[in-house]
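Protein chains in written order, with this note's numbering: chain U, 1 to 306; chain P, 1 to 323; chain G, 1 to 254; chain Y, 1 to 291.
The set of hints was computed from the structure by calculation and includes no laboratory data. Be careful, since some hints might not be right.
[To be verified] Think about it this way: if two alpha-carbon atoms lie no more than 27 Å apart in a straight line, the pair counts; the simulated DSS-like pairs of lysine-lysine are:
#, chain 1, residue 1, chain 2, residue 2
1, Y, LYS141, U, LYS34
2, U, LYS285, G, LYS9
3, Y, LYS282, P, LYS118
4, P, LYS179, P, LYS221
5, P, LYS273, U, LYS61
6, G, LYS9, U, LYS289
7, U, LYS59, P, LYS116
8, P, LYS292, U, LYS59
9, U, LYS162, Y, LYS141
10, Y, LYS141, U, LYS91
11, P, LYS116, Y, LYS141
12, Y, LYS282, U, LYS91
13, U, LYS61, P, LYS248
14, U, LYS285, G, LYS70
15, U, LYS275, Y, LYS29
16, P, LYS292, U, LYS61
17, P, LYS192, P, LYS248
18, U, LYS289, G, LYS74
19, Y, LYS141, U, LYS179
20, U, LYS59, P, LYS266
[As the list claims (entries may be wrong)] Which stretches of chain P does chain U cover? Using the computed rule of at least three CB atoms under 8 Å from a CB of chain U, they are:
#, segment
21, 158-165
22, 270-282
The beta carbon of each residue, even a glycine, is placed where N, CA and C say it ideally should be.
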Amino acid sequence: MWSILLNSNTQWVLLSTAILGIAAGTIGSLAYWKRQSLMSDALAHAALPGVIIAFLLFKVKHLFVLITGAAISAVIGAFFIQGIRSSTRIKEDTAMGMILSIFYGFGIMLLTIANRTSGNQSGLNNFILGQSASMVQSDVWTMSLLAILVVSVVVIGFKEWKIYLFDRQFASGLGLPLKGMDVVYTILLVTTIVVGIQAVGVILIAALLIIPAVSARYWTHSFQAMVIISALFGGASGTIGTLISAIGNGWPTGPFIVVLAASFFIISLIFGKEKGILVQYWQMKRHKKQEIIQSIPTSVLKKEVQ
Amino acid sequence: MITFSKKFWGIILLCCTFLLAACNDKSATNNEQKNAGKDNNKKITVVTTIAQIGEPLSVIGGDRVEVKSLMGPSVDPHLYQATHGDIQTLENADVVFYNGLHLEANMVDIFEEIEKSKSVLAIGETIDKSKLLHDENNAVDPHIWFDIDLWQQALDAAVDQLKEYSPENASYFEENKVKYFEKLQQLKEDTKKLTEIPEEQRILVTAHDAFGYFGRMHHMKVVGLQGLSTDGEIGISDIQNTIDTIVKYKVPAVFVESSINESSIKAVIEGAKKQGVPIQLGGELFSDAMGKAGTEEGTYLGMYRHNIDTIYTALKGGSNTNE
Amino acid sequence: MNEVVLEVKNLTAAYQKNTVLRDVNFQVEAGSLTGIVGPNGAGKSTLIKTMLALHPVLSGEVHFFGSTYKKMKKRIGYVPQRGSVDWDFPTIALDVVMMGLYGQIGWLRRPTKTHQRMAFEALDKMGMADYANRQISQLSGGQQQRVFLARALVQSADIYFMDEPLAGVDAATERAIMKILDELKAAGKTVMVVHHDLQTVADYFDHVLFLNRTVIKHGKTNEVYTEDNIATTYGGSIRLIGGRIGNVVHPVKQ
Amino acid sequence: MTYTAWIILTASLVGLSCGLIGVFLILRKMAMMADAISHTVLLGIVVAFIITQELTGVHMLIGAIIAGLMTALFVQWLNSLDVQQEAAIGIVFTTLFAIGVILIEAFVGNAHLDVQHALMGEITFIPWNRITLPIVGSIPKATAILTLVFFVVLLFIIAFYKEWKITTFDPGLAASVGIPVLFMHYLFMSLVSITTVASFDAVGAIMVVAMLITPAASAYLWTDRLYMMLVISGLFGVASAVIGYFIAAWIDTSISGSMAFATGLIFLASYLLSPKHGLLAKYLKPEETFE
Chain U
1 MWSILLNSNT
11 QWVLLSTAIL
21 GIAAGTIGSL
31 AYWKRQSLMS
41 DALAHAALPG
51 VIIAFLLFKV
61 KHLFVLITGA
71 AISAVIGAFF
81 IQGIRSSTRI
91 KEDTAMGMIL
101 SIFYGFGIML
111 LTIANRTSGN
121 QSGLNNFILG
131 QSASMVQSDV
141 WTMSLLAILV
151 VSVVVIGFKE
161 WKIYLFDRQF
171 ASGLGLPLKG
181 MDVVYTILLV
191 TTIVVGIQAV
201 GVILIAALLI
211 IPAVSARYWT
221 HSFQAMVIIS
231 ALFGGASGTI
241 GTLISAIGNG
251 WPTGPFIVVL
261 AASFFIISLI
271 FGKEKGILVQ
281 YWQMKRHKKQ
291 EIIQSIPTSV
301 LKKEVQ
Chain P
1 MITFSKKFWG
11 IILLCCTFLL
21 AACNDKSATN
31 NEQKNAGKDN
41 NKKITVVTTI
51 AQIGEPLSVI
61 GGDRVEVKSL
71 MGPSVDPHLY
81 QATHGDIQTL
91 ENADVVFYNG
101 LHLEANMVDI
111 FEEIEKSKSV
121 LAIGETIDKS
131 KLLHDENNAV
141 DPHIWFDIDL
151 WQQALDAAVD
161 QLKEYSPENA
171 SYFEENKVKY
181 FEKLQQLKED
191 TKKLTEIPEE
201 QRILVTAHDA
211 FGYFGRMHHM
221 KVVGLQGLST
231 DGEIGISDIQ
241 NTIDTIVKYK
251 VPAVFVESSI
261 NESSIKAVIE
271 GAKKQGVPIQ
281 LGGELFSDAM
291 GKAGTEEGTY
301 LGMYRHNIDT
311 IYTALKGGSN
321 TNE
Chain G
1 MNEVVLEVKN
11 LTAAYQKNTV
21 LRDVNFQVEA
31 GSLTGIVGPN
41 GAGKSTLIKT
51 MLALHPVLSG
61 EVHFFGSTYK
71 KMKKRIGYVP
81 QRGSVDWDFP
91 TIALDVVMMG
101 LYGQIGWLRR
111 PTKTHQRMAF
121 EALDKMGMAD
131 YANRQISQLS
141 GGQQQRVFLA
151 RALVQSADIY
161 FMDEPLAGVD
171 AATERAIMKI
181 LDELKAAGKT
191 VMVVHHDLQT
201 VADYFDHVLF
211 LNRTVIKHGK
221 TNEVYTEDNI
231 ATTYGGSIRL
241 IGGRIGNVVH
251 PVKQ
Chain Y
1 MTYTAWIILT
11 ASLVGLSCGL
21 IGVFLILRKM
31 AMMADAISHT
41 VLLGIVVAFI
51 ITQELTGVHM
61 LIGAIIAGLM
71 TALFVQWLNS
81 LDVQQEAAIG
91 IVFTTLFAIG
101 VILIEAFVGN
111 AHLDVQHALM
121 GEITFIPWNR
131 ITLPIVGSIP
141 KATAILTLVF
151 FVVLLFIIAF
161 YKEWKITTFD
171 PGLAASVGIP
181 VLFMHYLFMS
191 LVSITTVASF
201 DAVGAIMVVA
211 MLITPAASAY
221 LWTDRLYMML
231 VISGLFGVAS
241 AVIGYFIAAW
251 IDTSISGSMA
261 FATGLIFLAS
271 YLLSPKHGLL
281 AKYLKPEETF
291 E
């Protein structure tokens, strides 16, 4: 039973999901602080019309062509979300929901037309819904490239990203190219999403972008540590989820990775060092005790609220 | 606030009247439409869900019928999206045939309703239940068109229905049916060449479980990566088990299906290669969808023959190189 | 001495691991106008929220009119910080004021003309009658603050809590608000105001409550508003122009 | 042509119900809950299937509605523990969906149980799926259910209009004047669940998510009054249904996809032409100042 772990397919999937987990965990931390956790979900759906249009234009089901179509479509979606948010009073979550559903509906319209007019295209919508278990050697390389790209961009400009995320006004005062950083961030996010959805599917890529970043927050207050922990959680979810699904018979790989990531989240939520439930409960109790023991504090406490 | 509630209630009232009016209006005209259905002088309009039913019937019906398939020849019924035109198609139908056995899961209620006003038949459900295949959870495998005998029975039932609908054309249909069934028998003869493949290598590895009946008919072991439906998610063990089978029996080739994402079967090929089994992609098989209309593969016979030839070439040829 | 309308005993409250309020004790008498002052993070907003059961109490008691908050809810008015709501909400100033009456109107009833008139009068009092039909996002910060105050007025409570009503408002608004506070006081109502501008404390309030995690000093302005007490409260660095209070997380979320 | 009328009528009912619910959904900044529920219903129907072993029927609907409520409950719970709402939605829906998929593989096996078949309806076929009711006679099942849902939604919105308004605008004040904010929240989420699930069952997920969010967002650009926003949003929902239908008829494509797309067209028109917040208006009188 354990011998399955020695098989090359298992190793490919293991490596790919681990590396994808690291990349997604890293960019996910950025998305979290931009309060764009659900962007992955929205853009993944917004990629559909691009796939179909690319197919209708070039009449081939070539991976690269379709991925490019998906990416262009997702970038346009991201651009629209940004545009709606900044030029109207509509809030970002509403803008995301709109783009998600309108683009997807448009994609379905086109898909139905494609189904009617040209042969051999069914499964086009499945084309962007990858299966984690079917990743191979080339996916390992793709994911590695993705991870190198994401991690290096984040690491190289680390302190710039930090300012960019936490204090835009200050950043612009420093003369940081905010527009340029927006573009870089969006490209990184879209690349991760598009590469992710064709390899592992919408749900898993959304989960890997969202859950590790939130989990990491329970362990640290430092942004740097958060990015690292988030990447570790992402990688660990990929690895352990894959291992568990490999041991069981017919256990789907992607969903197990999601469940693993969720387990890490629950563990963090309960035991997390910074805001975990247990820690908070224990601190509350200690507070109460202290209040009883100490009567009136004489010195002014120095700690700031929150 | 006062003006507000007045306006609000006014608008609501308006909406209600609109709704009620719409309801009455439509149900009235609706009945007229239903009664105006049957007209014996022109071609009989036959509507089928999948082209596997439609195409043979268009041959058998000849110029007396007009056959339309809701799911075009190359559409996977699992992923079928209805279009606006399908409404017209169904509305104008005289006779409707569908596969049944849960293949068109979300349309069953509809056919039950249409049955009240039109002649409808689930041809897959006319087949003796004992001959159907079930999976371990007792779900029926609906891909019966891969068993030529069963499909002949099913088509026979469809033709009977047609005859009943249009008795004056019965003999014409019968004549064409006999001719078509001869071709089916010829096809069945042609499939015998599959037996030339060494028995232990008669293993059909495909992306999803559509070939159960095919395997039973041609004495092939069938290994499908995905379940009966194409929507599921697979695990590593599914891939690994498939590779193990390939390694164990030295299967020379695996196949992709026209309507399914190829990535999982490609993962199997790579995995097997890594384990020292030089396996090749045997080619594309038609499973749920058929080829493009107007081509040879767009017909039931052509589609079947294509599958047989592809399998034969890949497995037979492969076995030669292995020996 | 007047009747004690608010009594806080040994009140303690915390945000996560930081104790924000510790052992807070004070009494407020009817008809007083109290300014709550203290540095950033001293727990001023938290104190109000904790008294109004919008933030959990770790220990201690709060009594309104000798009873609990729950029973006295109708006699209490609250003006939260302006930033706590989304001003893009599609409604007009008059409607926002009328919301103060929703509790009294009761379930399944609609606001009547009387309610409308009450709301309009409250707006008028704040000098906002002309803006009654304005969409709230089209109001300036000061006007929004006045709408909020009108909303509290319309509740015709006996004790009011106001969180930074004078933060970032124009001079006209500040005058209007102070006029109303004086009127409330004259009508025998009790008002507690979180305030950030030390320069105006002496002019505006008859009582001052120095807060920094606990009550540093509380009493009549002319008695306790001394440089010493200010220094103790602000930890030595006296800054007569107080800083901006950071965003306090609203505990009631949707 | 009568089929056309039924389809447009049913889609209009979806547009009306979703348009009304959607207004509060976007004002409460919970737009993405619509998408989340469209995923988590999978878990509901899988569990319902495992318990009842039946592929169709009311069990699935109940299971789905419960799943929708669970989504709301978990999101609210995480939110109360200080997790960003968006992140909370993301965590909950991916996890519940993944559990649903695992349960399918583990307990359901190869049965034809996927969301698309078990729960997601196809609007094209609505007119053929009928039931007979007293007085009205034989009408499509989906139309009957959605009419009921519409009146339930309308009733609740009218009955608790001021409570919805105050809990949406200022929950703090609502609590302090004695309105049970949390109860109203769950009541609202129940309405959302019932509306979305009933609509999924009739017309499919894509159209429902679009109808919940976009008409309300478009209406938000036209008016500054809540009740007008409700009215306009409902009307836009109906308009999207009609326009979408004719687009689908014109280029012969998926009706629900076209209707989702049509909501986008209406938004685009609003974005350009709205007198208050439109691009054109801003271009014509660029500065709108206070006072």
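Verification of the hints:
no.	hint	in the structure
1	Y:LYS141 - U:LYS34	44 Å, violated
2	U:LYS285 - G:LYS9	20 Å, holds
3	Y:LYS282 - P:LYS118	58 Å, violated
4	P:LYS179 - P:LYS221	32 Å, violated
5	P:LYS273 - U:LYS61	24 Å, holds
6	G:LYS9 - U:LYS289	17 Å, holds
7	U:LYS59 - P:LYS116	42 Å, violated
8	P:LYS292 - U:LYS59	14 Å, holds
9	U:LYS162 - Y:LYS141	55 Å, violated
10	Y:LYS141 - U:LYS91	36 Å, violated
11	P:LYS116 - Y:LYS141	16 Å, holds
12	Y:LYS282 - U:LYS91	19 Å, holds
13	U:LYS61 - P:LYS248	33 Å, violated
14	U:LYS285 - G:LYS70	26 Å, holds
15	U:LYS275 - Y:LYS29	25 Å, holds
16	P:LYS292 - U:LYS61	16 Å, holds
17	P:LYS192 - P:LYS248	25 Å, holds
18	U:LYS289 - G:LYS74	34 Å, violated
19	Y:LYS141 - U:LYS179	52 Å, violated
20	U:LYS59 - P:LYS266	21 Å, holds
21	158-165	violated (count 0)
22	270-282	holds (count 4)
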